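Participant: Sequence:
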Amino acid sequence: MNDSSEQPVPAAASETPTTSAPPAPGSRRPGGRTARTRAAVRDAVLTGLAEHGYPGLSVEYVAEHSGVHKTTLYRRWGSLEGMVADALDLAGEDDWTPPDTGSLAGDLGALAREVSDAFADPAAAAGPTAFVGAAFQSPRAAEALHAFYAERFRRCEPVVERAVARGEAPPGTDAGAVVRAVSAPLFLRLFVTREPVGAAEADQAAAAALAAVEAGAFLTQEAR
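Counting from 1, position 104 in the sequence shown corresponds to residue 119 in the numbering used here; the numbering is continuous, with no gaps.
In short, the hints are calculated from the structure, not lab data. Every value quoted in this text rests on a predicted model; they were computed, and no experiment measured them. Since no wrong hints were added, every one of them can be taken at face value.
Label-pair distances were calculated between CB atoms; the ranges are:
no.: 1; residue 1: 110; residue 2: 147; range: 17 to 27 Å
no.: 2; residue 1: 182; residue 2: 51; range: 44 to 54 Å
no.: 3; residue 1: 112; residue 2: 215; range: 23 to 33 Å
no.: 4; residue 1: 109; residue 2: 185; range: 29 to 39 Å
All C-beta atoms, glycine included, are put in the ideal place defined by N, C-alpha and C.
Model the full assembly from the supplied sequences, consistent with the hints where possible.
Facilitator: So this is what it looks like as structure tokens:
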């Protein structure tokens, strides 16, 4: 993971070359065999986390399910922690953008519904849930999870900025705090109290965040 240049591509998939460090979430991925190898390892990591959790995941499992030799895995990612961190980094490399419904109420509601919908299917939710669990056991996974959500919340900030421009939110509203407030009660139920989350809970979280915005609860220190 620390190599600074591509090596010649050998014939066997198990001898995939080492590469430089992965790009930040949201940036462009390298193409060709390098990208396919990262994707194969990511898929194996996600499957292993969903099936066995972080304590049950192993380099041997990733090698078997990705088709990438153990020596290549160690050479490129350094450790199992490195593979988990890179898998989450890859999960952030997409073109996702927040909703733009034309109103703050609509945007916050849509954001909350995206969270609830993402965890509605237990099979689809197994991977993200396993990543959160891994973050409590691996410092590298915790750093990667933090970076992933920091990028996601950064992308959501225009929702609040548009609302300020329309006069729906007070000038000086902390955009990052607002978008975190929408998902916070849902993540509490999902990962702490282990309660179900559905449309009703999503709508309630969005409505609470909207009321707090309108009351000026999310003004930055400088705007107060």
